[in-house]
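This is what each chain is made of:
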Amino acid sequence: MAPATGGETTEIAVDCSGITKSYDGVPVLRDISVRFARGTVNVLAGENGAGKSTLFKIISGQVHPDSGALKLFGEPVRRFDARHAQGLGVSIIPQELAPIPDMKVWQNLLIGREKSSPFGLLRRRQMVDEAAAMMESVGLSVDPTLPMKRLNVANTQMIEILKATSRQARIILMDEPTSSLSKRETEQLFRVIRRLRADGACILYTSHRMEEIEEISDSVAIMRDGAIIRHAPTKDLTEHEIITDMVGREITELFPDRTITESVKPVLEVRDLHVSGYNASVSFSVKEGEILGLGGLVGAGRSEMLEAIYGMRRATGQVTLDGRDLPLGHMQESIKRGIAMVPEDRKRSGILTSLSILDNVSLPHLNTFTSSGGILENAKRRTQSLDVLKRTRVAYASLGQKVGHLSGGNQQKVALARWLVTGTPRLLILDEPTRGIDVGARSELYRLINDLAAQGVAVLLASSDMPELINLSHRVLVIREGRIMGELKKNELEQETILRLAMGRSSNANQ
Amino acid sequence: MQTNSITSDAASAAVPAGISARQVGRFALRYALVIILALFLVTLAVSNHSFLTFSNMNVILIQVAANALLATGATFVILTGGIDLSVGSIVGLSGVVAALFAQDDGAITCTEAVVLGVLAGTAIGAFNGLLVAFARVPPFVATLGNMTVASGLAFVASDGQPISGLSDQFLALSGTIFGISIPVAVMIVVVVVAWIILARTKFGMHIYAVGGNPQAARVAGVNLRANRFAVYTISGLLAGVAGVILAARATAGIATNGTGYELNAIAAAVIGGISLAGGRGSIIGTVFGFLIIGVLDNGLNIINVSPFYQLIVKGLIIIGAVFVDSVMNRSDD
Chain A
1 MAPATGGETT EIAVDCSGIT KSYDGVPVLR DISVRFARGT VNVLAGENGA
51 GKSTLFKIIS GQVHPDSGAL KLFGEPVRRF DARHAQGLGV SIIPQELAPI
101 PDMKVWQNLL IGREKSSPFG LLRRRQMVDE AAAMMESVGL SVDPTLPMKR
151 LNVANTQMIE ILKATSRQAR IILMDEPTSS LSKRETEQLF RVIRRLRADG
201 ACILYTSHRM EEIEEISDSV AIMRDGAIIR HAPTKDLTEH EIITDMVGRE
251 ITELFPDRTI TESVKPVLEV RDLHVSGYNA SVSFSVKEGE ILGLGGLVGA
301 GRSEMLEAIY GMRRATGQVT LDGRDLPLGH MQESIKRGIA MVPEDRKRSG
351 ILTSLSILDN VSLPHLNTFT SSGGILENAK RRTQSLDVLK RTRVAYASLG
401 QKVGHLSGGN QQKVALARWL VTGTPRLLIL DEPTRGIDVG ARSELYRLIN
451 DLAAQGVAVL LASSDMPELI NLSHRVLVIR EGRIMGELKK NELEQETILR
501 LAMGRSSNAN Q
Chain B
1 MQTNSITSDA ASAAVPAGIS ARQVGRFALR YALVIILALF LVTLAVSNHS
51 FLTFSNMNVI LIQVAANALL ATGATFVILT GGIDLSVGSI VGLSGVVAAL
101 FAQDDGAITC TEAVVLGVLA GTAIGAFNGL LVAFARVPPF VATLGNMTVA
151 SGLAFVASDG QPISGLSDQF LALSGTIFGI SIPVAVMIVV VVVAWIILAR
201 TKFGMHIYAV GGNPQAARVA GVNLRANRFA VYTISGLLAG VAGVILAARA
251 TAGIATNGTG YELNAIAAAV IGGISLAGGR GSIIGTVFGF LIIGVLDNGL
301 NIINVSPFYQ LIVKGLIIIG AVFVDSVMNR SDD
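So the protein sequences, as listed, match chains A and B.
Read in order, the letters of the first sequence correspond to residues 1 to 511 in this note's numbering.
Read in order, the letters of the second sequence correspond to residues 1 to 333 in this note's numbering.
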């Protein structure tokens, strides 16, 4: 079943046979039998909720399978835990970053592998040098004595990856390592991955980006509903086959046809918006029914701009909505005037994972659902929430279900659905709306966004996903260091043009 | 994180333009406490001749010695994201235990009495550690419970009476060694060792990691349980030492000797910039913290401010310190 990447002599690093796992009687993994060889990069493809994360957790010893056997390097592992897994060289890079923000970069890199003198004192200089060498080997230029919290998301991610791969890792599990990386950083990561592969490591990798799968992987294992439905060498598969297998149905097209609205009425007008922390200001406007894309590299200042318009972040300048001034820094006023925000970091500011779906959806509108006596009118709250969940096609068990238990795609739909409970917004702000979301949910979100625009909603869309930006936007502004580098009309939208603008003239775009 | 790097870039780009009013404001805010304290000290030194004297400075150091030990223990615990409310009661318990064995007619030597007193404190600390690290009882609850337990044990052991009639040898613990008061010498040794551990050893690095991001620390192979257990044990041990020293100074083991001391210790750490969220701060800050509290207590006493008002002042200073810390961190975002 394993692809013949290294001939008959390949040593099998990971060997699962008949692994099953259920949570509360719901099967998450069904009879997983798959083998991955040393010195290969293997992509686990599948929609969120297909069971990829659970399989990772089993291989890394965080979760015990209900039945079945796991062999690592031919050795059966029983009574396995995270510490044993580390001892065997299993290293996992979770999708959620785990830096220690208040510690230095070198400390983050070398924690758990300190070097001490015979007196028990740390050999600090040696450790700093070692950290610098580790970073240099992958072309990362970050001062190792900086506090971790000063790094941007991409560099933080690279440090995390370095940390995990440098401890004699022989089996490396990466859960969507590129979801917050720009093209250039992704290249850096691939360099690391190729080196690890050459050193004989077995790499398991999840990604939703098709072009990456083709570029980096030797084999693809496609998961759906907790089962591996196909495992084949990458060269034997087409993108179309992978997607169809993942989704279990044909996706005729990922992107809907853009509806062109004739309206010229501007909804949002921004003049000289100066976001604190940047030496630049921006002016632009968005018309009724227009999807204005914001392109740029990670850390270009797009999120900050969006947050400033919504009122989350300090800024100066003039913003008008439907011709009337919008006071900056007042989120409640923004909401009242019809601005809806789906922020970048879903778990931190988009949804409240520990609350129910009902509470999440109705939270911004509790005033509407409160009787004159100050008591919540739950019947009304439920019917309206049910209606909007149906319209946004959220897959859920009950209104009382915790949002944290939903898949990423459904969580994002909830984050959007909450703004549609009391009619449609005037301006919809979307910051990386499909990060870490599977193809099926993504195409549904695209349709939803397009439909809203067709109804006259002005949309501001920041995205690092080029196909998304190009196929969804009517117009794109490319941002770099908080400045508008260029404006591209629909017929000028090309990946290369956007990237060139995003990176400025110098190639020194990062840090 | 993403925004931080940008802000710093922009800030460094703006430096040539000169110092902005905002930076001045930030500076003033950051050092507000120090500035206010300095003004207070200068006024005091000018208006009152008994304040700025060598003997008074020595008195201050002796007075802060016990709190310094407790604050050092609190620093270890708070850096891991925990809290230890039991140290005040431990001071009473270990003082009583040491005093019981250090009575004149005792067959037990002074050293043994000291060791037993310190052991009593260490045992309570280790019990805290067991509860927090292994039984997963929240630190606030575990140490609050043991605060009462230790206090009860001290009352039982002393029958509610002061244990006096202590051997001269034991009482000599509040004397001097090489011209330095023994409590002060102990304080200096403890602070220096604590600084080395926290800033220069693997154990110290792990303590910061546990408080900074337990999940990341665990993934990196840091033993969360062992580190959590260790810091509560250290806190108990230092409280035990403080209890013995205080018993010698008071010439008696008294169960209520340390009542309320835990708050002074936590206050010193917090004033010194140890974040209650864990993972941030340094022992140097704690030293400033307990010195500020000590100088303030002493100064307010000298100018005859009622102890009742002193409480109010101390409380406001703690709030002020935490407020400044939170404001500074907010503008870091």
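None of these hints come from the bench; they were simulated from the model.
Using N, Cα and C, we set each Cβ at its ideal position, and we do this for glycine too.
Honestly, I wouldn't trust all of these hints.
Unchecked claim - DEER-style ranges, computed between Cβ atoms:
hint : chain 1 : residue 1 : chain 2 : residue 2 : range
1    : A       : MET210    : B       : GLN23     : 45 to 51 Å
2    : A       : ARG500    : B       : ALA277    : 39 to 45 Å
3    : B       : VAL59     : A       : GLN332    : 38 to 44 Å
Claimed, not checked - Chain B residues, not near chain A, derived (Cβ > 10 Å throughout):
hint : residue
4    : ILE36
5    : LYS202
6    : ALA209
7    : GLY212
8    : ASN213
9    : GLN215
10   : ALA216
11   : ALA217
12   : VAL222
13   : ILE302
14   : GLY315
15   : ILE317
16   : ALA321
Against the structure, the hints come out as follows:
Checking the proposed 45 to 51 Å range against MET210 (chain A) and GLN23 (chain B) shows it holds: the Cβ atoms sit about 48 Å from each other. Checked against the given bound of 39 to 45 Å, the beta carbons of ARG500 (chain A) and ALA277 (chain B), roughly 43 Å apart, stay inside it. Distance hint for VAL59 (chain B) and GLN332 (chain A): a CB-CB separation of about 56 Å, inconsistent with the stated range 38 to 44 Å. No beta-carbon of chain A is positioned within 10 Å of the beta-carbon of ILE36 (chain B); the least distance is around 27 Å.
Remark: the non-interface label on LYS202 (chain B) conflicts with the geometry, its nearest Cβ contact in chain A lying 4 Å away (cut-off 10 Å). Not every Cβ of chain A is farther than 10 Å from the Cβ of ALA209 (chain B); the closest lies at roughly 5 Å, contradicting the non-interface assignment. For GLY212 (chain B), the shortest C-beta to C-beta distance to chain A comes to about 4 Å, within the 10 Å cut-off, and the non-interface label is violated. The claim that ASN213 (chain B) lies off the interface is violated: its Cβ sits roughly 4 Å from the closest Cβ of chain A, which falls inside the 10 Å cut-off.
The claim that GLN215 (chain B) is not at the interface with chain A is violated, since a C-beta of that chain comes within 10 Å of its own (minimum 6 Å). A beta-carbon of chain A is positioned within 10 Å of the beta-carbon of ALA216 (chain B); the least distance is around 4 Å. At roughly 7 Å, the least C-beta separation between ALA217 (chain B) and chain A is not larger than 10 Å, which violates its mark as non-interface. In this structure VAL222 (chain B) is not separated from chain A by more than 10 Å, as the shortest Cβ-Cβ distance comes to only about 6 Å.
Separation of ILE302 (chain B) from chain A is adequate, the least Cβ-Cβ distance of about 39 Å exceeding the 10 Å criterion. Here GLY315 (chain B) stays apart from chain A, with its beta-carbon at least about 27 Å from theirs, past the 10 Å limit. At the 10 Å boundary, the C-beta of ILE317 (chain B) stays outside the reach of chain A, the nearest C-beta of that chain being 24 Å off. Its beta-carbon lying about 18 Å from the closest one in chain A, ALA321 (chain B) satisfies the requirement of being farther than 10 Å from that chain.
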